[in-house]
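**Q** Keeping their order, the protein sequence lines are chains A and B. Add 95 to the 1-based position in the first sequence for the numbering used here, that's all there is to it. Add 95 to the 1-based position in the second sequence for the numbering used here, that's all there is to it.
FYI, nobody ran anything at the bench for these hints, they're computed from the structure. We treat Cβ as the ideally placed atom computed from N, Cα and C, and that holds for glycine. Take the hints with a grain of salt, since some may be wrong.
Pairwise CB distance ranges, derived in the manner of DEER restraints [unchecked claim]: (1) B:492 x A:498: 39 to 49 Å; (2) A:339 x B:183: 48 to 58 Å; (3) A:273 x B:310: 51 to 61 Å.
Given next are the chains, with one letter for each unit.
Number of protein chains: 2
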Amino acid sequence: MDILIKDVLLNDQRTDILISGNRIAKISPNIESSGCELINASGMAALPTFVNMHTHIPMTLFRGYGDDLPLQQWLNTKIWPNEKNLDEEIIYWGTKLGCLEMIKTGTTCFSDMYFFLPQEAQAVKDMGIRAVLGLSLFDGCNPDNLPNVKKELEQFEQTLALTDDHVQFAISPHAPYTVSGPTYQYLKAYANERNLLLHTHLAETQGEVDNTLRDFGLTPVQHLRKWKALDSRSTLAHCVYLSDDDIKILADTGATVTHNPNSNLKLGSGLNFRYADLVKAGVNVTLGTDGCSSSNNLDMREATKIASLVQKGRTLEPTVMPIGEALDMATVNGAKVLGIDMGRVTEGALADLILVNLKTPAFTPNHNTLSNWIYAADSSVVDTLICNGKVLMRGHHVDGEEEIMEQAIKMAKRLITV
Amino acid sequence: MDILIKDVLLNDQRTDILISGNRIAKISPNIESSGCELINASGMAALPTFVNMHTHIPMTLFRGYGDDLPLQQWLNTKIWPNEKNLDEEIIYWGTKLGCLEMIKTGTTCFSDMYFFLPQEAQAVKDMGIRAVLGLSLFDGCNPDNLPNVKKELEQFEQTLALTDDHVQFAISPHAPYTVSGPTYQYLKAYANERNLLLHTHLAETQGEVDNTLRDFGLTPVQHLRKWKALDSRSTLAHCVYLSDDDIKILADTGATVTHNPNSNLKLGSGLNFRYADLVKAGVNVTLGTDGCSSSNNLDMREATKIASLVQKGRTLEPTVMPIGEALDMATVNGAKVLGIDMGRVTEGALADLILVNLKTPAFTPNHNTLSNWIYAADSSVVDTLICNGKVLMRGHHVDGEEEIMEQAIKMAKRLITV
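Build out the structure end to end from the sequences listed, making use of the hints.
**A** Put into structure tokens, the structure is as follows:
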């Protein structure tokens with residue numbers, strides 16, 4: 096059935112929004128309502144849903160485990176030993192928990208990098224949101240291990256058949272310090288043949304830059320360009336440490352950068368992300384939360400606020416990353432590179448949107464809806480979420496959320512044993 | 096009637112909490128419940144409420160008005176011309192709106208700096224939380240204007256009679272760039288005679304430091320010490336720019352520093368706040384949000400998270416400001432200097448606490464309750480708030496909140512005319 100959202104605030108105007116199938120069919124005041132499911136939104140504003148461009152979604156089960164530790168100690172004693180316990184059921188419920196949190200905080204699409212993709216895909220479909228699921232790949236920086244990587248790709252061919260409106264797949268070589276140049280080149284060619292995105296970590300810490308300079312005489316960005324891994328179908332998570340030449344390469348190749356402010360701050364990677372320089376050079380900048388093991392939640396509203404605040408603080412310039420740019424970074428800039436027609440509430444676009452409750456302190460007074468949403472509010476204002484034309488949340492409640500949390504608690508106990 | 100909170104998670108143990116009058120009378124499993132108001136908290140954790148140590152609470156009405164502008168343009172065109180419209184009714188409802196937002200985000204006490212203190216005081220009492228209300232004072236950096244300041248103090252003597260369990264008062268010379276040294280000295284002596292706190296802005300921007308060095312050959316901290324304005328009854332908001340000698344002076348005098356990370360970032364003041372150095376020197380570090388005109392909300396949970404993340408990011412050290420320290424900064428460190436026995440959920444303390452809903456994604460799984468509260472959750476988990484032994488919120492709803500928001504919207508229209 097079509098959905099008619101009545102009398103909602105959109106771009107500072109009161110209007111109606113008609114959703115037909117999975118698209119926004121019409122935006123206009125006083126649309127005829129016969130035969131539609133009606134949503135009275137007179138106390139609400141419609142806003143685009145977020146696109147979280149860098150996650151490791153099943154790691155939601157690690158939330159808050161091993162906070163405030165030095166990076167290597169955290170990985171060696173808290174994360175890696177327990178990841179050996181992963182299985183299909185843990186992945187399924189961990190992914191569902193992550194999807195639930197995303198729905199409750201206003202996100203309908205994420206770009207992931209992890210393992211057990213068929214189980215991740217099933218969970219995403221069951222929850223009704225969207226994902227691009229990247230297969231994590233490593234060769235231990237030794238191209239002789241390429242045959243092992245190829246074996247994983249054989250299995251991945253079957254996974255590709257699961258592609259639909261909700262789930263796509265990507266190729267995710269982990270990082271230049273775990274994957275050799277030749278394997279990057281092989282994987283990028285593989286991805287391009289199948290029109291898949293390549294999603295990788297890059298230039299996350301000063302140590303990583305120092306090491307690629309030492310080993311190859313190149314920055315991480317230069318290194319990936321050399322191995323032909325950068326083009327408009329590459330998305331690069333972190334990029335905290337970039338030279339002027341790196342930024343030029345990113346602009347020339349058309350690669351997309353994903354900023355993960357919360358993770359970069361919490362793990363002590365640093366706050367050098369050169370947002371204004373990247374935008375000036377014409378690079379597509381997107382936003383992610385990273386996994387809950389490193390930054391504790393999947394709340395894109397909070398990540399957008401922190402990104403904006405830190406850019407203003409580090410440049411001593413309150414005009415950097417104004418609210419419209421910040422919201423684009425968190426929505427449509429990501430959707431664009433994923434090839435999904437969402438991230439704006441406009442006629443013809445896919446019907447992904449949230450309705451936020453304006454009768455809340457954060458929207459009182461409401462001089463500026465976007466500002467109040469990103470800078471003042473939190474998820475408590477998100478009343479309704481629609482993805483692909485389906486209502487997934489009303490009254491901040493998702494059907495079945497209690498079972499998901501119960502199962503996730505069980506899975507976390509099985510996952511975390513040391 | 097006494098309140099008995101049954102089966103609540105406190106410091107990782109299930110227990111009961113008995114509140115008698117305005118204090119926590121007993122914490123123990125299986126307390127007898129006869130004759131008490133019962134709260135079944137089996138799905139909840141008890142946590143201390145926040146103490147917001149730097150606000151301009153009626154400015155909540157300016158929320159989101161003039162974002163992303165250069166500082167002077169924002170003050171000259173958006174704030175100061177409209178502040179001329181302030182009146183008693185605007186202050187009353189603006190303060191109530193701020194108190195409502197604080198209750199919904201887990202704060203029961205704030206230290207303010209503004210005008211129209213009797214109306215602020217009435218609103219705080221009507222809302223049932225606590226405040227230390229500082230009278231903003233200026234002499235235009237000209238000690239010849241001291242007689243005008245004294246006239247304001249004459250009126251203030253009557254305001255002091257409004258002191259009670261919920262409201263105290265303080266003396267708030269604005270900043271070294273608006274108040275002369277001799278007037279600071281006069282006001283500090285005045286405050287000390289009456290055992291009032293002195294609450295001032297200090298060392299907020301590099302420009303302020305440059306100017307006091309130029310005009311007096313002293314940093315802002317050295318300047319205030321010279322005029323005898325620093326002792327253990329002084330609270331200093333911002334302190335973004337501190338020299339090693341400044342930190343030593345703060346430690347020697349016992350002054351309290353209030354960090355306002357969101358404001359410092361959003362206004363482009365900078366992220367130089369030297370948290371670890373201050374703590375190492377023994378300075379009492381507390382936390383504030385600043386007014387909603389500069390940082391958009393009064394959410395201390397978010398401010399605590401951002402403080403912790405930025406300190407880790409700026410020092411490249413994930414172990415800086417671990418979660419227990421972060422929470423102390425946002426709770427008991429402030430309560431201590433205000434002389435209010437709150438900020439910890441312990442037997443004998445004042446009964447100020449929140450109950451957070453653990454059956455939420457942010458607390459799933461719950462490896463670490465404090466970490467999940469500060470790093471993962473948001474105000475949507477705050478179910479119940481108790482202040483001074485009275486329940487002010489249940490089910491995230493405050494009685495009368497709809498009227499407060501309606502009145503605040505009217506007041507904002509009257510306040511903001513240019």
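**Q** Going through the earlier hints one by one, which of them does the structure break, listed in rising order?
**A** Those not satisfied come down to hint 1.
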